[in-house]
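Engineer: If you want the building blocks of each chain, they are given just below.
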Amino acid sequence: MNENDRNRMKELLQKALPPMEGEPERDLWPAMLRRLDASSAAPRIINRTWLDWALLAGLVAYAALFPASIPVFLYYL
Amino acid sequence: MGNGSSGVLDHFRRGSPEAFEAAFETLFRLHQRAVYGWILRIVRNPSAAEDLTVETFWHIHQAHARFEPAHGFEGWARRIATRAALDWLRARRPESELPPDLPAPAAADPAISAEIRRKTALAFERLPAKLRIAAILAVVEELPQKDVAAALGISVTAVKLRIFRALRLLRKDLATQGITP
Numbered sequence: 044m045n046e047n048d049r050n051r052m053k054e055l056l057q058k059a060l061p062p063m064e065g066e067p068e069r070d071l072w073p074a075m076l077r078r079l080d081a082s083s084a085a086p087r088i089i090n091r092t093w094l095d096w097a098l099l100a101g102l103v104a105y106a107a108l109f110p111a112s113i114p115v116f117l118y119y120l
Numbered sequence: 303m304g305n306g307s308s309g310v311l312d313h314f315r316r317g318s319p320e321a322f323e324a325a326f327e328t329l330f331r332l333h334q335r336a337v338y339g340w341i342l343r344i345v346r347n348p349s350a351a352e353d354l355t356v357e358t359f360w361h362i363h364q365a366h367a368r369f370e371p372a373h374g375f376e377g378w379a380r381r382i383a384t385r386a387a388l389d390w391l392r393a394r395r396p397e398s399e400l401p402p403d404l405p406a407p408a409a410a411d412p413a414i415s416a417e418i419r420r421k422t423a424l425a426f427e428r429l430p431a432k433l434r435i436a437a438i439l440a441v442v443e444e445l446p447q448k449d450v451a452a453a454l455g456i457s458v459t460a461v462k463l464r465i466f467r468a469l470r471l472l473r474k475d476l477a478t479q480g481i482t483p
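Quick note, the sequences are listed as chains A and B, same order. With the first sequence counted from 1, adding 43 to any position gets you the working numbering. With the second sequence counted from 1, adding 302 to any position gets you the working numbering.
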């Protein structure tokens, strides 16, 4: 893809996706308070830690069994 | 995004619980519009941008002890907001149709038909999220590449590479649909 192609693609993208600007339609502080209340009411550290380790172990095992998948994982990181 | 005063930032980082909560509210009210605006540029969905703004400030609340006042609040908040928006883009499946609230271009170019713009937008949604986010910020929003790099936590060279890959993949996708820009 040369410089002209890139410039045409940029132009097309700008036409297809015009810039967005805006402000929230409401004060988000009440929603923030609800989010903080919900997180303090439901401690999930143990479960989450367990899930993280399980996913990591699965990923390592998969990479060990199928080394060819490592570049694919790296691509999507 | 403007910086909060140093007193507020100090209380936010290591104040008493009461002082911390007051500082957090001050910072939230000071920066919520800017954070929302930044996220909106990436996700292009007002409702999701509101939710992600709250989610961003929740992460900020949880991570306050790691905040470095010397580096400024705005850049830190922007990086956290960018990560939240990136996670949202990754979790969202490409849509077969565009959302109805997608804004129309300010001045439609007669040389580029509405159908081509629609197909381009859909093809763009099919790109990997990390390429999309770099292209949205640097190409669509025309932000300086160093600002995009700082928000994504990568180098300017990596931003350029992601933009290049995004445009190349988009061109290939459009070519398979018979569209040659």
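Check each hint, because a few of them may be wrong.
[Unchecked claim] Taking lysine-lysine pairs in the BS3-like style, the calculated list, with each CA pair at most 27 angstroms apart, reads:
#1 A:Lys-58 - B:Lys-432
#2 B:Lys-421 - A:Lys-53
#3 B:Lys-462 - A:Lys-53
#4 B:Lys-462 - B:Lys-474
[To be verified] FRET-style restraints, in silico, Cβ to Cβ:
#5 B:Glu-320 - A:Leu-117: 23 to 33 angstroms
#6 A:Leu-76 - B:Ala-477: 21 to 31 angstroms
#7 B:Thr-459 - A:Ser-83: 35 to 45 angstroms
#8 B:Arg-315 - A:Val-115: 49 to 59 angstroms
#9 A:Arg-69 - B:Lys-474: 24 to 34 angstroms
#10 A:Pro-62 - B:Glu-320: 23 to 33 angstroms
#11 A:Asp-70 - B:Pro-319: 47 to 57 angstroms
#12 A:Asn-50 - B:Ala-393: 28 to 38 angstroms
#13 A:Trp-96 - B:Arg-368: 30 to 40 angstroms
[Claimed, not checked] Just some of the chain B residues that point at chain A, by a computed CB distance under 7 angstroms:
#14 Arg-315
#15 Asn-347
#16 Trp-378
#17 Trp-390
#18 Arg-394
#19 Lys-474
Just so you know, these hints were derived from the structure itself, not from any lab. C-beta atoms are modelled at their ideal positions from N, C-alpha and C, and glycine is treated no differently.
Engineer: Hints first: check each against the structure and report whether it holds.
Structural biologist: Verification of the hints:
Taken as a hint, the A:Lys-58 and B:Lys-432 pair is honoured in the structure, with Cα atoms around 21 angstroms apart against an allowance of 27 angstroms. Proposed proximity of B:Lys-421 and A:Lys-53 is supported: the alpha carbons are some 15 angstroms apart, at most 27 angstroms. As the CA atoms of B:Lys-462 and A:Lys-53 are separated by approximately 13 angstroms, the hinted pair is consistent with the 27 angstroms bound. Distance check on the hinted pair: B:Lys-462 and B:Lys-474 sit about 18 angstroms apart at the alpha-carbon level, within 27 angstroms; holds.
As the Cβ distance of B:Glu-320 to A:Leu-117 is approximately 46 angstroms, the hint placing it in 23 to 33 angstroms is violated. Between A:Leu-76 and B:Ala-477 the C-beta distance comes to about 50 angstroms, which lies outside the given range of 21 to 31 angstroms. Separated by about 42 angstroms at the C-beta atoms, B:Thr-459 and A:Ser-83 satisfy the suggested range of 35 to 45 angstroms. Taking 49 to 59 angstroms as the suggested C-beta distance range, the pair B:Arg-315 and A:Val-115 does not conform, at roughly 40 angstroms.
At roughly 42 angstroms, the beta-carbon separation of A:Arg-69 and B:Lys-474 lies outside the given 24 to 34 angstroms, and the hint is violated. Taken as a hint, the range 23 to 33 angstroms is violated for the pair A:Pro-62 and B:Glu-320, whose Cβ atoms sit roughly 41 angstroms apart. For the pair A:Asp-70 and B:Pro-319, the supplied restraint of 47 to 57 angstroms is violated, since their beta-carbon distance comes to about 24 angstroms. Under the hint 28 to 38 angstroms, the C-beta atoms of A:Asn-50 and B:Ala-393, about 32 angstroms apart, fit the expected range.
The hinted window of 30 to 40 angstroms between A:Trp-96 and B:Arg-368 is violated, with their beta carbons roughly 22 angstroms apart. With a cut of 7 angstroms, the hint placing B:Arg-315 at the interface with chain A is violated, because the nearest CB-to-CB distance is about 18 angstroms. Given the 7 angstroms rule on beta carbons, the hint for B:Asn-347 is violated: about 9 angstroms separates it from the nearest Cβ of chain A. Taken as an interface hint, B:Trp-378 does not check out: its beta carbon lies about 17 angstroms from the nearest beta carbon of chain A, beyond 7 angstroms.
Violation of the interface hint for B:Trp-390 is found here, the shortest Cβ-Cβ separation to chain A being roughly 15 angstroms, above the 7 angstroms cut-off. Violation of the interface hint for B:Arg-394 is found here, the shortest Cβ-Cβ separation to chain A being roughly 15 angstroms, above the 7 angstroms cut-off. Interface hint at B:Lys-474: violated, since its Cβ lies 9 angstroms from the closest Cβ of chain A, which is beyond the 7 angstroms cut-off.
Hints 5, 6, 8, 9, 10, 11, 13, 14, 15, 16, 17, 18 and 19 from the earlier list are contradicted by this structure; the remaining hints agree with it.
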